[in-house]
Amino acid sequence: DAGVIQSPRHEVTEMGQEVTLRCKPISGHNSLFWYRQTMMRGLELLIYFNNNVPIDDSGMPEDRFSAKMPNASFSTLKIQPSEPRDSAVYFCASSDDSRGYEQFFGPGTRLTVL
Amino acid sequence: AQSVTQLGSHVSVSEGALVLLRCNYSSSVPPYLFWYVQYPNQGLQLLLKYTTGATLVKGINGFEAEFKKSETSFHLTKPSAHMSDAAEYFCAVKAGRRALTFGSGTRLQVQP
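Respectively, the protein sequence lines represent chains A and B.
So the number in this note's numbering is just where the residue sits in the first sequence, counting from 1, plus 1.
So the number in this note's numbering is just where the residue sits in the second sequence, counting from 1, plus 810.
All the pointers check out, no bait thrown in.
Label-pair ranges, simulated between beta-carbon atoms: (1) T815(B) - P55(A): 24 to 32 Å; (2) Q855(B) - D98(A): 16 to 24 Å; (3) T862(B) - G17(A): 44 to 52 Å; (4) G101(A) - T882(B): 16 to 24 Å; (5) T882(B) - P71(A): 35 to 43 Å.
To be clear, the hints were calculated from the coordinates, so they are not data collected in a lab.
Given the structure is predicted, the values throughout are model-derived calculations rather than measurements.
We put the CB at the ideal spot given by N, CA and C, even for glycine.
Please put together the full structure from these sequences, using the hints given.
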């Protein structure tokens, strides 16, 4: 298996622009997670889906952030409009809950908002 | 509720010395416990996990951890540190239906 795939790996954008991050989970996994990692706040869970349904979005910072999972093999995290404080590394992870909840992480997207 | 506390945001050891990274958890139900490692510019990868059964868990790269319910701890150890062990280590807990809760991480430095 190719593992969790994220794109793009790097994104540089200007304040006010829309940013879309993409994730393809491991085939057969039923849960998907979006995290944000910064030096100041560490690793934060933004939202997670189970069987394509959002279960907990309490970590989404504000209405500028939205996430979708239209099918079992694809998810997006969108920021509109982006702000400099959104600069971070965003990770997607997936898990198969029938096999012990271990999360497999993607390589991350490094977002820089100027 | 569930939470994780990692004692020491930075730990420095000499090459060949014992590695001990501390993790204490809080959970109202029997937990699943995990240790992850993150190398620079990479995602997190699983080192080891405890679900049920044997309380001493062995993982990759010579690491192991022991689940101690009475102490609510899941400390990570390795008998002899190698330069390649330099990374950030995260402890995580899952209890009930909630997603994993990660600790704040411990950065391990290995001195030659």
